[in-house]
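Using the sequences and the hints given, assemble the complete structure.
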Amino acid sequence: MFLAMNKFKIVKGREEDFEKIWRERDTHLQGVEGFKEFNLMKGSVEEAYSLYASHSIWESKECFVSWTKSEAFRLAHKNAGKHSDIYLGPPELETFEKAL
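Numbering (numbering that gives the first Met the number 0), first residue to last: 0 to 99.
Hints were generated in silico from the structure; no laboratory data involved.
Please note: incorrect hints may appear among the correct ones.
[What the hints assert, rightly or not] Restricting the straight-line Cα-Cα distance to at most 30 Å, the calculated cross-link-like pairs of lysine-lysine (BS3-like) are:
hint, residue 1, residue 2
1, K81, K41
2, K19, K41
3, K81, K8
4, K97, K6
The following block contains the structure:
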């Protein structure tokens, strides 16, 4: 099992905009080899931002890496810079492999 997680710092007051973008977004993940699950999680609310994390679960690291090089990945991320005004910096990617 492999987990890929992106952390996002969202400008306070723009949380609904961020959630709407994700709710209406076509992730192009269905049918991708090795893809298991996707979730968008809301975290702490700080003075300047609200924290969110997207995480996807994959059969293996190889499946995830293959997806990042695919047309499905390019389609899913084609408008990534369109809403840059709601983000405080780029997402922070963290990955994890099953230990036990």
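Next on the checklist: Checking one constraint from the list: CA of K19 to CA of K41, max 30 Å. Satisfied?
Outcome noted: The given pair, whose Cα atoms are some 13 Å apart, holds under the 30 Å limit.
Checklist entry - Holds or violated: K97 with K6, Cα cutoff 30 Å? => result OK: K97 and K6 at ~20 Å, within 30 Å.
Item to check | Holds or violated: K81 to K8, with C-alpha atoms at most 30 Å apart | outcome: 16 Å, holds
Next on the checklist: So if I understand the rule, the pair passes when the alpha-carbon distance is 30 Å or less; does K81 with K41 pass?
Outcome noted: 21 Å, holds
In summary, the structure agrees with every hint in the numbered list given earlier.
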